[in-house]
Amino acid sequence: MVAVPRVAAYAQPMSDDFDPKTFLTRAPESHHSTRLGIGYRAHGRDWCELSLPYDPDLAADAESGVLSSGPIISLMDMAAGCAVFIRSGPKKPHATLDLRVDYLRPSKIGQEVIGRAECYRVTRRIAFVRGTAHDGDPDDPVAHIAGTFMYTDVD
Amino acid sequence: MAELPPYAKLLGVRLDHEHGQPLLVLPHASHLIGRPGFMHGGAIAGLLELAGFAAIRHALGGSDGPRIKPINVTVDYMRGGRLIETRAAARVTRLGRRVANVEAEAWQEDRGKLIATAKLNLMLDRG
Numbered sequence: 001m002v003a004v005p006r007v008a009a010y011a012q013p014m015s016d017d018f019d020p021k022t023f024l025t026r027a028p029e030s031h032h033s034t035r036l037g038i039g040y041r042a043h044g045r046d047w048c049e050l051s052l053p054y055d056p057d058l059a060a061d062a063e064s065g066v067l068s069s070g071p072i073i074s075l076m077d078m079a080a081g082c083a084v085f086i087r088s089g090p091k092k093p094h095a096t097l098d099l100r101v102d103y104l105r106p107s108k109i110g111q112e113v114i115g116r117a118e119c120y121r122v123t124r125r126i127a128f129v130r131g132t133a134h135d136g137d138p139d140d141p142v143a144h145i146a147g148t149f150m151y152t153d154v155d
Numbered sequence: 001m002a003e004l005p006p007y008a009k010l011l012g013v014r015l016d017h018e019h020g021q022p023l024l025v026l027p028h029a030s031h032l033i034g035r036p037g038f039m040h041g042g043a044i045a046g047l048l049e050l051a052g053f054a055a056i057r058h059a060l061g062g063s064d065g066p067r068i069k070p071i072n073v074t075v076d077y078m079r080g081g082r083l084i085e086t087r088a089a090a091r092v093t094r095l096g097r098r099v100a101n102v103e104a105e106a107w108q109e110d111r112g113k114l115i116a117t118a119k120l121n122l123m124l125d126r127g
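Sequences listed follow chains A and B, in order. With this note's numbering as the guide, the letters of the first sequence map in order to residues 1 to 155. With this note's numbering as the guide, the letters of the second sequence map in order to residues 1 to 127.
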């Protein structure tokens, strides 16, 4: 349902600030993002940038080696979830409500994909996110996303 | 029916059939976990997409048809995915010459309680 845990043991219970770098680095082996190799790159007040290294095991077909769309959704869901945590704090648990991905073009074979998502608006119950993914040139994106997350601790 | 792609193997997806239609089965595995106690939304989305691709390939009569490229996908999450087997199937709502519209559903123990759905618009590259 959601890319990122609630206030998990490996989040930062001591602080009101959410640190995506610590969050990603301390994610357990079992976390889906660890299996995909998703890593931290950068973040700001309402955005987070993560990376997905190229892996032939993530291909949509073995012959071409072109990356499947599924791992790109996982990357963007994860980046967007982190952006929501950064904006709202680690104590506000949330779940993905919906996520739309437009695939502008296939990513280049062998290239790492970088996903950046921003949480541009929050209401009492809902956080709105948008973002892009690229494979080297941010001006030539491979995907655009838009989605919403629901806070799960609000009646 | 074409073989499943490497990404499906990484997830652990198995291709089955029900009433002659493709049915994807994803047994629980520890690498599918997102927040503690629940499946990762990205893995669920990946499964839905694979179900969509399997349905369109089936509708086109196998692996020798046109190349299928995703244009976009919209995933709606209804329930947290528990750490048990997940199933997914899809329906081709329209099969055009250039574009196909597909709707995919994922559920766990109870087919009546969907955990997520996806709407996929796919481009058919007939060369």
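Treat each hint with caution, since some may be false.
Here's a subset of chain B near chain A, in silico, CB distances under 10 Å, partners left out [stated by the list, open to error]:
(1) E18
(2) H19
(3) G20
(4) L23
(5) P36
(6) L50
(7) P66
(8) K69
(9) G80
(10) V99
(11) K113
Each computed DSSO-like pair below joins lysine-lysine, with the alpha-carbon atoms no more than 30 Å apart [unchecked claim]:
(12) A:K21 x B:K9
(13) A:K92 x B:K69
(14) A:K21 x B:K69
(15) B:K9 x A:K108
(16) B:K113 x A:K108
Hints listed in this document are in silico derivations from the structure and should not be mistaken for laboratory results. Keep in mind the model is a prediction, meaning the values are calculated, not measured. For glycine and all other residues, C-beta sits at the position ideal for the given N, C-alpha and C.
Hint-by-hint comparison with the structure:
| no. | hint | verdict |
| --- | --- | --- |
| 1 | E18 | violated, 22 Å |
| 2 | H19 | violated, 26 Å |
| 3 | G20 | violated, 24 Å |
| 4 | L23 | violated, 18 Å |
| 5 | P36 | holds, 5 Å |
| 6 | L50 | holds, 7 Å |
| 7 | P66 | violated, 13 Å |
| 8 | K69 | holds, 7 Å |
| 9 | G80 | holds, 4 Å |
| 10 | V99 | violated, 13 Å |
| 11 | K113 | violated, 13 Å |
| 12 | A:K21 x B:K9 | holds, 29 Å |
| 13 | A:K92 x B:K69 | violated, 37 Å |
| 14 | A:K21 x B:K69 | violated, 33 Å |
| 15 | B:K9 x A:K108 | holds, 21 Å |
| 16 | B:K113 x A:K108 | violated, 38 Å |
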